[in-house]
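Peer 1: So the protein lines, in turn, are chains A and B. At position 64 of the first sequence the residue is numbered 64 (our numbering), and the sequence of numbers has no breaks. At position 46 of the second sequence the residue is numbered 46 (our numbering), and the sequence of numbers has no breaks.
Think of the hints as simulated: they come from the structure by calculation, not from any bench. A hint or two may mislead.
[Claimed, not checked] EDC-like cross-link-like pairs, simulated, lysine to aspartate or glutamate; straight-line CA separation at most 20 Å:
id: 1; chain 1: A; residue 1: 304; chain 2: B; residue 2: 145
id: 2; chain 1: A; residue 1: 181; chain 2: B; residue 2: 30
id: 3; chain 1: B; residue 1: 118; chain 2: B; residue 2: 96
id: 4; chain 1: A; residue 1: 184; chain 2: B; residue 2: 8
id: 5; chain 1: A; residue 1: 2; chain 2: A; residue 2: 25
id: 6; chain 1: A; residue 1: 292; chain 2: B; residue 2: 67
id: 7; chain 1: B; residue 1: 9; chain 2: A; residue 2: 177
id: 8; chain 1: A; residue 1: 181; chain 2: B; residue 2: 223
id: 9; chain 1: A; residue 1: 292; chain 2: B; residue 2: 173
id: 10; chain 1: A; residue 1: 292; chain 2: B; residue 2: 51
id: 11; chain 1: B; residue 1: 118; chain 2: B; residue 2: 51
id: 12; chain 1: B; residue 1: 235; chain 2: B; residue 2: 223
id: 13; chain 1: A; residue 1: 181; chain 2: B; residue 2: 173
id: 14; chain 1: B; residue 1: 36; chain 2: B; residue 2: 19
id: 15; chain 1: B; residue 1: 147; chain 2: A; residue 2: 99
id: 16; chain 1: B; residue 1: 147; chain 2: B; residue 2: 180
id: 17; chain 1: A; residue 1: 184; chain 2: A; residue 2: 198
id: 18; chain 1: A; residue 1: 181; chain 2: B; residue 2: 8
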Amino acid sequence: MKARVSTDWLSGCSGCHVAMVDLHEKLLGLVEEVDFVRVPVLMDEKDYPKADVGVVEGAVRSDHDRVALEKMRASVDKLIAFGSCAVYGGPSGLGWLHERDDVMAAVYDGGPTNAGGERPDADAPILEDSVVPIDEVVEVDAYLPGCPPHPYFIAAGLRAVLGVSDLQLTAMSVCADCDRKMLKNEGAELHRGEVTAEKDSLCFLSQGVVCLGSVSLNRCQAPCPHSGVACFGCAGPSVDLITEPHLDLRNLIGRRLNMLTGVSEEEVTRYFQEDAKTLYAYAVASPVIHGKPTVEIREWAGPKPAAQGGE
Amino acid sequence: MIEIAVDEKACVSCSLCAEICPTDVFVWDEDEGVPKINRPGECFGCLSCSEICPPHCITHEGVELAESHYHDPYALRLASRLAADVSGRFNVPSDEASQNQAAADLGVRLRSVAEVFKRTLGGSLPAVGTMAGRTLARHLPRYREPKGLDEALVLAKQQFSPAWEFETTRNGDDLTINVDRCFVRETCEREGQEIGSEMCVLFYNYLAGYLGRMGKVRLRLMDADRGAKCCYSVKIYEK
Numbered sequence: 001m002k003a004r005v006s007t008d009w010l011s012g013c014s015g016c017h018v019a020m021v022d023l024h025e026k027l028l029g030l031v032e033e034v035d036f037v038r039v040p041v042l043m044d045e046k047d048y049p050k051a052d053v054g055v056v057e058g059a060v061r062s063d064h065d066r067v068a069l070e071k072m073r074a075s076v077d078k079l080i081a082f083g084s085c086a087v088y089g090g091p092s093g094l095g096w097l098h099e100r101d102d103v104m105a106a107v108y109d110g111g112p113t114n115a116g117g118e119r120p121d122a123d124a125p126i127l128e129d130s131v132v133p134i135d136e137v138v139e140v141d142a143y144l145p146g147c148p149p150h151p152y153f154i155a156a157g158l159r160a161v162l163g164v165s166d167l168q169l170t171a172m173s174v175c176a177d178c179d180r181k182m183l184k185n186e187g188a189e190l191h192r193g194e195v196t197a198e199k200d201s202l203c204f205l206s207q208g209v210v211c212l213g214s215v216s217l218n219r220c221q222a223p224c225p226h227s228g229v230a231c232f233g234c235a236g237p238s239v240d241l242i243t244e245p246h247l248d249l250r251n252l253i254g255r256r257l258n259m260l261t262g263v264s265e266e267e268v269t270r271y272f273q274e275d276a277k278t279l280y281a282y283a284v285a286s287p288v289i290h291g292k293p294t295v296e297i298r299e300w301a302g303p304k305p306a307a308q309g310g311e
Numbered sequence: 001m002i003e004i005a006v007d008e009k010a011c012v013s014c015s016l017c018a019e020i021c022p023t024d025v026f027v028w029d030e031d032e033g034v035p036k037i038n039r040p041g042e043c044f045g046c047l048s049c050s051e052i053c054p055p056h057c058i059t060h061e062g063v064e065l066a067e068s069h070y071h072d073p074y075a076l077r078l079a080s081r082l083a084a085d086v087s088g089r090f091n092v093p094s095d096e097a098s099q100n101q102a103a104a105d106l107g108v109r110l111r112s113v114a115e116v117f118k119r120t121l122g123g124s125l126p127a128v129g130t131m132a133g134r135t136l137a138r139h140l141p142r143y144r145e146p147k148g149l150d151e152a153l154v155l156a157k158q159q160f161s162p163a164w165e166f167e168t169t170r171n172g173d174d175l176t177i178n179v180d181r182c183f184v185r186e187t188c189e190r191e192g193q194e195i196g197s198e199m200c201v202l203f204y205n206y207l208a209g210y211l212g213r214m215g216k217v218r219l220r221l222m223d224a225d226r227g228a229k230c231c232y233s234v235k236i237y238e239k
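Chain B extracted, bound-state conformation (with noise of 0.2 Å):
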C-alpha cells in the first residue's frame, strides 16, 4: 500500500491537496487547519496531490512511479545534488531492453504517421517535413542560440543523439551528412519497411528545415546514398 505522510509543521492550510485528489483520500480538518489521511487505501499514486502542495510538504512511499524516456540528465543531476532523497522523484530507465521497447513503442507510431501523410498529402511530403523542422527549430528546448549554421549543426548533434548520430562536412555551399546511427533507420528495419520510404523522406526533409532555420540558411537536400550507412548531400543557401 501507498504510505502518504504530510508534514503538518510545513502546512500552510491551503486544502489544496483534498481539493485535488481525484479518490478523497484526504478529510479537511477545520480545527487544526491541515489534511488528515482519511482513506489510504484508495490512493493510487497519481502524485496531484504533491505536485499542488505549495510547501511541497506530502511525500508518498511505495509509489510506481513510470518510466520516463524523455528527460534532462542536466535537470535529474542538479537536483538529485541540491536536496537530500531527490531520486525517489523519477524512474530514469537505464537497462537497454526497457529503452529498445520504448523506442519500438514509438516506431509503430512513427510509421503510421508517416504512412497517413504519405496517403493523404502525397508529393507534398517533403514540405510538410521541412515546415514541421522550422516550426521544431522554434519550439525545441535549448540553452544556447546558434549564430550559425556551424554551430547550428554542433548543437542538432548534441540533441539528436543517441537516436541519430552524423557527422557533417562542409565545403562552400556544399554540406555532406554522413549518418552514423539513425532511428527511423532501424525503425525500417524493424517494421520491414524500405529504406528511403516515407518515414525517411519525412525525417531528413525534417532535419533540413529544422537545421536551416536553426542556422539562418536554407537548405536543399539534393542526393541521398542509402545503403548500409545513409550520407545526404545538402545545398547551402544564404538567406
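Excised from the complex, chain A in its bound form (with noise of 0.2 Å):
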C-alpha cells in the first residue's frame, strides 16, 4: 500500500511547496511510491485526513496557523517542518524582532503601499504575539530546513522518514557541495555588506567576503556561490553550531577569516553585530540562536531607539 502524505502552508511563501512540484520526473516517481492526500497548491482539499506523513511549511504567526498546526499533528503518524520557516521561523521570523503592534502599525498605518489607516476585519487571522517555530507548538519528528530545500533533500528525506531509503541526511555543510578552493590570502581586507567577490574560482572568505556556507547547514547543493554569491546560510546554522553551546556563527565565521587573512575577530564579531538582522536573518526567531550568548540579538538587530519616530 502506497504511504499517504499531507501537506500544509503556514506562515510561508510556499516556495516549499514549489521547490517539491521542481522534483519534476523524481516527483513522478514519487508518486508511485506515495499518494498524496491533500497539498493546498494542487488540490482543494480543506479536512485533514488522515496520513501517515505531514510535511508543514511556514512558521507560526496567527491564531490560524496553530489551528491549522495541531490538525495536521493530530492527522498524521509522522511530522516534518518543511523549509527554513516551519524549522528556525526563517524569513517569517523576522518579525520575532519586533513587537506585533509595531509590525501592524508598520504594515497598516504608514506603509508606502497602502492608502493607511485600514486594519484587516475580524474575519482575518488574527497575529499572535510573536512568531516560532512550529516544534514551539507540537512535537516534530523530522527536520528539513532551506529556503526551499533543493529537490535532492526533498526525496532524501521523504523516503528517509518512509523508511523506503537508507540514504542520510548528512550534517554537512554548503562548504561541501562548494567549488571554490579555500586558500590562504594574507593581508585581503573585510568588504562589509558585499556579496560579491572578484574571483569566481577562490573561495569568498579568502577575499575577506562573509559567507555563511562554512556555519549553514548544506540542504541547497550550494548553488548561490556557484553563481557568484557569497551563502547567506537560508537552511540556517550547521549542526556543530546547534550542538555546542560555545560556537556561533561570528566566532566560527571569525576564526576562519583571521586563519586565512588575518582579519581581526573582533573586526568580524562587530560586523556580525552590527549587521545582525542580515546574518543571523533565517534563524533568529528560534531558541537555537537564543542558548547561547547571542542572546542580545534583539538589542543588535531589533529596533533602534533612536531611529523610531524619524521613520
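The two chains are supplied separately, each in an independent frame; assemble them into the complex guided by the hints.
Peer 2: Okay, here's the thing in C-alpha cells:
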C-alpha cells in the first residue's frame, strides 16, 4: 500500500511547496511510492485526512496557523518541519524582533504601498504576539530546513522518513558542495556589506567577503556560491553550532577569516553584531540562537531607539 | 586508537586542519590539495580539526567525549532529527550517579567562593548577590523576554529546574517563595554547613536580583523561614 502524505502551508511563501513540484520526473517516481492526500497548491482539500506523513511549511504567526498545525499533527503519524520557516522561523521569523503592534502599524498605518489606516477585519486571522517555529507548538519528527530545500534533499528526506531508503541526510555544511578553493590570502581586507567577490574560483572568505557557507547546513547543493553570490545561510545553522553552546556564526566565521586572511576576529564579530538582522536572518526566531550568548540579538538587530519616530 | 576519516570530495583545500592540529597528525598534500593522515597514533581526540573544518568533512571514531552536564535539550533534540549520526557528537550523561558527582564537584566550588566573599566583603554579601543576579539577567540565554514579574517567575522556574524547584504565591506587593528542592540546601547538607549560611545569603539575593531585573521591579527579601523546607517573604516595589 502506498504511504499517504499530507501537506500544509502556514506563514511561509509557498516556495517550499513549489520546490516539491520541482522534483520534476522524480515527483512521478514519488507519486508511485506515495499518495498525496492533501496539498494546498494542487488540490482543494480543506480537511485534514489521515496520513502517514505530514509536511508543514511556514512558521506559526497567526491563530489560524496554530489551529491548522494542531489539526495536521493530530491527523498524521510523522510530521516533517519543511523549510527554514517551519524549522527556525526563517524570513517569517524576523517579526520576532518586533512587537506585534509595531508590525501592524508598519504594514497598515504608514506603509508606502497602502492607503493607510484600514486594518484587516475580524474575519482575518489574528496575529499572535510573536512568531515561533512549529516545534514550539507541536512535536516534530524530522527537520528539513532550506529556503527552499533542494529537491534532492526533499526526496531523500521523504524517503528516509517513509523508511524506503537508507540514504542519510548528512551534517555537512554548504562548503561540502562548493567548488571554490579556500586558500590562504594574507592581507585581504574585510568587505562589509558585499556579497560578490572578484575571483570565481577562490572562496569568498579568502577574499574577505563574509560567506555563511561554512556555518550553514547543506540542504541546497551550494547554488549561490556557484553563481557568484556568497551564501547567506538560508538553511540555518550547521549542526556543530546547534549542539555546542559556545559556537556561534560570528566566532566561527571570525576564526576562519582570521586564519585565512589575518582580518581580526573582533572586526568580524563587530560586523556580525552591527548587521545581525541580515546575517542571522533565517534563524532569528529559533530557540537555538537564544541558547547561547547571541541572547542579545534583539538589541543588535531589533528596532533602534534613535531611529524610532524618524522613519 | 582513534580513527580519523576525511571526505576528500567535500574538502575545500583550506589546510586549516593541518594548521590547527596540536600534534601534527596531518601532512598537507600540495598536489591533491587535501590533508593526509600521517601520524594517526598522535591524535588525542581534541576535535579541533573537526571544529575548524569548513565543510565539516573530518570525522573521528573512538573518541571518548567528556560528559556534557551543561547542554540545551531542545538543541540536541533538533540536531538529532536534522541529520543522521549526530548523537555521536555529544555525551549527555543520563545516569543519576554521574549527575550527583558533578553536582558535588560544583558544590565544593560554590562553597569556597561563598566563603571567600564572606571573608572579604562581610556585610556587603547580600548586595553582591543581588548585583550578580542582575548581571545574570542580562546574559542568561533565553528565548522570550518576560513582560512582567509573573512571566519572569514562570520563566525562572523553567530555567532553574531541576537544581531549584520552587512555588510562588503573589498577593499584591507581597511575594512568597516556597522552595521544594534547593541545590544550595543539598550542598549545605553535603558539606556540613548550616542552612542559612553565606551560600544561602548569596544565592537568595542573587535570585531576587535576577527576578527583579527580569520582571522590571525591585525585590527585597523581608524574611526567611529556614527549616525542612525554606520559605522566603519578598516585598515587590514597582520601578
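Peer 1: All hints are to be evaluated individually against the structure, with a verdict given for each.
Peer 2: Now for the hints, and whether the structure bears them out:
Proximity of residue 304 of chain A to residue 145 of chain B is assessed by CA-CA distance (about 17 Å); at most 20 Å being required, the pair is judged to hold. Restraint check for residue 181 of chain A and residue 30 of chain B: the C-alpha separation of about 13 Å stays at or below 20 Å, so the hint holds. For the suggested pair residue 118 of chain B and residue 96 of chain B, the alpha carbons sit about 32 Å apart, so the restraint of at most 20 Å is broken. A threshold of 20 Å between alpha carbons decides the hint, and for residue 184 of chain A with residue 8 of chain B the separation of about 19 Å falls inside it, so the pair holds.
For the given pair, residue 2 of chain A sits about 18 Å from residue 25 of chain A by alpha-carbon distance, which is consistent with the 20 Å threshold. Pair hint residue 292 of chain A plus residue 67 of chain B holds up; C-alpha atoms about 19 Å apart against a cutoff of 20 Å. For the proposed pair residue 9 of chain B and residue 177 of chain A, the alpha carbon gap of about 9 Å is at most 20 Å, so the pair holds. The suggested pairing of residue 181 of chain A with residue 223 of chain B is violated, with an alpha-carbon distance near 66 Å, which exceeds 20 Å.
In summary, the hint linking residue 292 of chain A to residue 173 of chain B is not supported, as the alpha carbons are separated by about 34 Å, beyond the 20 Å threshold. Between residue 292 of chain A and residue 51 of chain B the alpha-carbon distance is near 17 Å, which keeps this suggested pair within the 20 Å criterion. For the hint linking residue 118 of chain B to residue 51 of chain B, the alpha-carbon distance of about 41 Å lies beyond 20 Å, and the restraint is violated. Under the criterion of a C-alpha separation no larger than 20 Å, the hint pairing residue 235 of chain B with residue 223 of chain B is consistent with the structure, at around 10 Å.
Of the pairs offered as hints, the one joining residue 181 of chain A and residue 173 of chain B is violated, with about 64 Å between alpha carbons and a cut-off of 20 Å exceeded. Simply put, residue 36 of chain B and residue 19 of chain B have alpha-carbon atoms about 13 Å apart, close enough for the 20 Å limit, and the pair holds. In summary, the hint linking residue 147 of chain B to residue 99 of chain A is supported, as the alpha carbons are separated by about 12 Å, within the 20 Å threshold. A distance of roughly 26 Å separates the Cα atoms of residue 147 of chain B and residue 180 of chain B; the hinted pair therefore is violated under the 20 Å criterion.
As the CA atoms of residue 184 of chain A and residue 198 of chain A are separated by approximately 16 Å, the hinted pair is consistent with the 20 Å bound. Simply put, residue 181 of chain A and residue 8 of chain B have alpha-carbon atoms about 13 Å apart, close enough for the 20 Å limit, and the pair holds.
Of the numbered hints listed earlier, those contradicted by the structure are 3, 8, 9, 11, 13 and 16.
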